[in-house]
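K.L.:
Keeping the supplied structure of chain V fixed, place chain P upon it in accordance with the hints.
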Amino acid sequence: MVAGSDHGEAVLSVRDLNVRFRVPGGEVHAVRGLNMQVAAGETVAIVGESGSGKSQAMMAAMGLLAANGWVEGEVRYRGQDLLGLPPRRLNRIRGEKITMIFQEPMTSLDPLYKVGRQLAEPLIHHRGMSRRQARARAIELLDLVQIAEPERRIDAYPHELSGGQRQRVMIAMALANDPDMLIADEPTTALDVTIQAQILELLNGLKDRLGMAIVFITHDLGIVRHMADRVYVMRDGEVVEEGPVARLFAEPRHDYTKMLLAAEPAGHKPPVPEAVPVLLRGDDLVVTFHTPGGFLSGEAYDIKAVDRVSVTLRRGQTLGVVGESGSGKSTLGRALLRLVPSQGALRFEDQDLTAIDLRKEPRLRRELQLVFQDPFGSLSPRMTVGQIVTEGLLVHEPQLSAAERDRRAVEALNEVQLDPAMRNRYPHEFSGGQRQRIAIARTMILKPRVVVLDEPTSALDRSVQKEIVELLRALQRAHDLSYIFISHDLAVVRAMADEVMVMKNGRVVEQGPTEAIFADPREIYTKALMAAALEGVVLDAGRQEAPVAV
Amino acid sequence: MVLRDSLSEIEAEPAYVEEQPRRGRSLWDDAWARLKANRAAVTSAVLLVSMALACLIGPALSPHDFDAVYSNYVKVPASLKAYPREAEIEPVLERTLRRARLQLDDWRIEGGRLFATVSSSRQIDERTTRYLDRADLFEDAQIIGKSADGETMTVSVGIERQRFLFGTDSNGRDMLTRTLVAGRISLTIGLLATFVALVIGVTYGAVSGYIGGRTDMVMMRVVDVLYSLPFIFFVILLVVFFGRNFILMFIAVGAVEWLDMARIVRGQTISLKRQEFIQAAEAMGVGNGGILKRHIVPNTLGPVVVYMTLLVPKVILLESFLSFLGLGVQEPMTSWGVLISEGARNIQGASWMLVFPSTFLVATLFSLNFIGDGLRDALDPKDR
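These protein sequence lines map, in sequence, to chains V and P. For any residue, its number in the working numbering is found by taking its place in the first sequence, counting from 1, and adding 7. For any residue, its number in the working numbering is found by taking its place in the second sequence, counting from 1, and adding 292.
Extracted from the complex, chain V is given alone in its bound form (with noise of 0.2 Å):
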């Protein structure tokens, strides 16, 4: 089957593509020999796992390289080749006919200015616009994107856009001049799943309407399943395995993409019997942030990030909290260990948590523990694995000589499955899920009774969660320990935890035994938020996306 054959002309072919880094003692080979069809109108999925070079691919394609980066082979536009244009003709095809947009809808904004500036200005300039007539064109564009009352979002700043709107902002910019084809480098990754599902729609409709191609990377093969005609599965910068969707995922043929199939975390957790004690309830937990009026700050106000949720944890429990960004669900689990201060009654097996300050209690907190989402900002950089992992001891076990120290250090990486050896290195000598299991082994060196897990898996790649579910589990088994588990992937969650808890806006919505909250939701929201997240669908209740409080 020739790629491509039924959509026509091929509005960018890649061949041989090969993309090099000089790295302080050698070069690293980041993509090997891509060949690439992209005809007009289809969409088209790199898919890969982190350091895949799925980006890289085409950033060097579209001449976008780091400095320390060169790149060979063949990149055609309409059968001009774009590698070796000069700077200035490469521009305008870069600017008007393949556009990009990326995955911080947060940072890829000037702050400073307000939207409709921003969409203008490039109109202008480009295309010797009349300011108002850009203005008009802006207000099309945010229509087109459907922001909603786009003749007054385009006076709005950044700041005042939630990430969803952000991010369509990012697609009208990138639609402003027709282009024939959108290259969408993980364009979803950093929205809720709600929102996610709804870009992903409006970039389906868009394709549709305007007839562009789009090229669309990312590490999610759901995602591949409802938006991709076609699939390049890449790792390790080799295209490993390509064909339409359908055939793909009905019968892949390399191990790697079976892998990645398969990588969607498996099992069930049975429910812990009533008759176990429990480990640690919290009644009416309220969390206020208080912003302190003054002279020049305003009037003071609060915000209930945490509104009067119930907590219990059985020992061996895992409680699933889920929800999305925003929802109070972290501070809530930094709120039951006592690491922000709330109301309410919190107690851990028969003592009082809100009568005792933690700092001078080193038992209890020692036994109450917290693991954290992001595995590269959460352990320091300028200190070995074997001190991250031994920090704790210093405050809880003083008494231990740096031998003995050493000794636990080795056990509890043996413990996480990773190489002893490797404890007098650097963090950034490692893997994203390496990482994560050094702040596992930080944790349970301390060996505690309840974890709070923050979003362990979310930064990590598909196969790495598995891994680090598993390991988890296992940890489970082996001592007891009850988790709260934090996440906005439904999937993870409902392979950890015997309890789920859905959070919106501080509130619960809905909570029960996972099981049987996965096959019967109750309530509309926990019914949008699982369409969006299990099938990539837009239901109605999560459609409309509350813009942020200025």
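Hints are computed from structural coordinates only; laboratory data are not their basis. We treat Cβ as the ideally placed atom computed from N, Cα and C, and that holds for glycine. Take these hints with a grain of salt, some might be off.
Every beta carbon over 10 Å from chain V, so not counted as near; a handful from chain P, in silico [unchecked claim]: (1) W320; (2) V384; (3) S413; (4) H587.
In silico lysine-lysine, DSS-like type, Cα no more than 30 Å apart, as pairs [as the list claims (entries may be wrong)]: (5) V/K454 x P/K328; (6) P/K585 x P/K565; (7) P/K328 x V/K511; (8) V/K454 x V/K367; (9) V/K367 x P/K565; (10) V/K104 x V/K121; (11) P/K328 x P/K606; (12) P/K328 x P/K585; (13) V/K214 x V/K265; (14) V/K265 x V/K104; (15) V/K311 x P/K565; (16) V/K454 x P/K373; (17) V/K367 x P/K585.
Quick list of the computed label-pair ranges, beta carbon to beta carbon [said to hold, decoys possible]: (18) P/W324 x V/Q358: 45 to 55 Å; (19) P/D321 x V/R366: 31 to 41 Å; (20) V/I363 x P/V514: 27 to 37 Å.
P.N.:
Relative to the frame of chain V, chain P by itself:
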């Protein structure tokens, strides 16, 4: 022997280590590798180190003391050739003899020695040869012959060859030695005052930023108050109270320069404070001291090191400025600032008095700035 070796190996290796742990490459190692690849920075570092070494041991090797006055060689230009020149000998000889009330009749040079016939209307005292010995040009004056009436005498003196590679100053002191000695002072003040600023600034800034809230506000207002003190006024006050003193320089410069450092470190700390690894340490129950010591200070050191390399030249310039105003080091001790201020006064007649010290100062400042730039590039995380 072999057995002993293997035995000691077994003993040395703790039983639980299956494999010798590999040493990791720290961020510092990476930065070091990148710095070494930066040619400008490496050249600057080599230049700086050789200059510092020259300042340190140079004066001991030099034939001149830094405070030795050669009154016959006042403001002689820099030269590779040795003094005295032929043309200079006669006037000095005449002047010296006139002081001894002797008349120069005839003179010639033979084999590195000068033979002069002198006369007087009275009996010549043999001790008058000391006048010749006292001149910087001559040494070892001997009387070869004396006329019967004692009114004419032939003396032979050795000509003392002196090299002044950088010339001499208006007091006839060797500029090379003085420049090197001045370098000691300038570099010491630069490094020590920077170190003082570093210690105070990092501690103050880290504490202020980490504790935050009201404490931070009060601590930073103190910094603002100190900022508003006019520096020169402050130094003059110190001089009035304590007299001119080398230590005072450190106190004055250090007391002013830590303010910037404190602000930089405070800013860094505030952004670090929100990072997850700090939160993780807090969740583990690590106290404030531990967090500051293990997490915050090591992570602020990158920008601090860069700022330090820029602070050293700034301090050297400040010291020069103070010395220029006459509030700095005292004669005969000197610093680059003092030398440059003297040189500036003599720029018309004796440009070498300005050129050499300022070359040293400029080279130091350039080197430090290049090293600072190199460090900033090497430590910049955006590169990775």
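K.L.:
Run every hint past the structure and note whether it holds.
P.N.:
Status of the hints after comparison with the structure:
A beta-carbon of chain V comes within 10 Å of the beta-carbon of P/W320; the shortest separation is about 8 Å. Remark: the non-interface label on P/V384 is consistent with the geometry, its nearest Cβ contact in chain V lying 64 Å away (cut-off 10 Å). No beta-carbon of chain V is positioned within 10 Å of the beta-carbon of P/S413; the least distance is around 86 Å. Look at P/H587: its CB is around 5 Å from the nearest CB on chain V, not clear of 10 Å, so calling it non-interface is violated.
Restraint check: the Cα-Cα separation between V/K454 and P/K328 comes to about 44 Å, which exceeds 30 Å; the hinted pair is violated. At most 30 Å may separate the alpha-carbon atoms for a hinted pair to count; P/K585 and P/K565 meet this at roughly 13 Å. A C-alpha spacing of about 53 Å is found between P/K328 and V/K511, which places the hinted pair above 30 Å, so the restraint is violated. With a CA separation close to 19 Å, the supplied pair V/K454 and V/K367 stays within the 30 Å bound.
Between V/K367 and P/K565 the alpha-carbon distance is near 21 Å, which keeps this suggested pair within the 30 Å criterion. Distance hint between V/K104 and V/K121 is fulfilled; the C-alpha atoms sit about 25 Å from each other, no more than 30 Å. For the proposed pair P/K328 and P/K606, the alpha carbon gap of about 25 Å is at most 30 Å, so the pair holds. A hinted pair counts as satisfied when its Cα atoms are at most 30 Å apart, and P/K328 with P/K585 qualifies at roughly 28 Å.
The suggested pairing of V/K214 with V/K265 holds, with an alpha-carbon distance near 29 Å, which does not exceed 30 Å. Only pairs whose Cα atoms come within 30 Å are accepted, and V/K265 paired with V/K104 is rejected, the gap being roughly 35 Å. A distance of roughly 23 Å separates the Cα atoms of V/K311 and P/K565; the hinted pair therefore holds under the 30 Å criterion. Distance check on the hinted pair: V/K454 and P/K373 sit about 80 Å apart at the alpha-carbon level, beyond 30 Å; violated.
Between V/K367 and P/K585 the alpha-carbon distance is near 20 Å, which keeps this suggested pair within the 30 Å criterion. Against the hinted window of 45 to 55 Å, the Cβ-Cβ separation of P/W324 and V/Q358 comes to about 50 Å, which satisfies the hint. The hinted window of 31 to 41 Å between P/D321 and V/R366 holds, with their beta carbons roughly 35 Å apart. Our hint of 27 to 37 Å for V/I363 and P/V514 holds, since their Cβ atoms are close to 35 Å apart.
The structure shown violates the earlier hints numbered 1, 4, 5, 7, 14 and 16.
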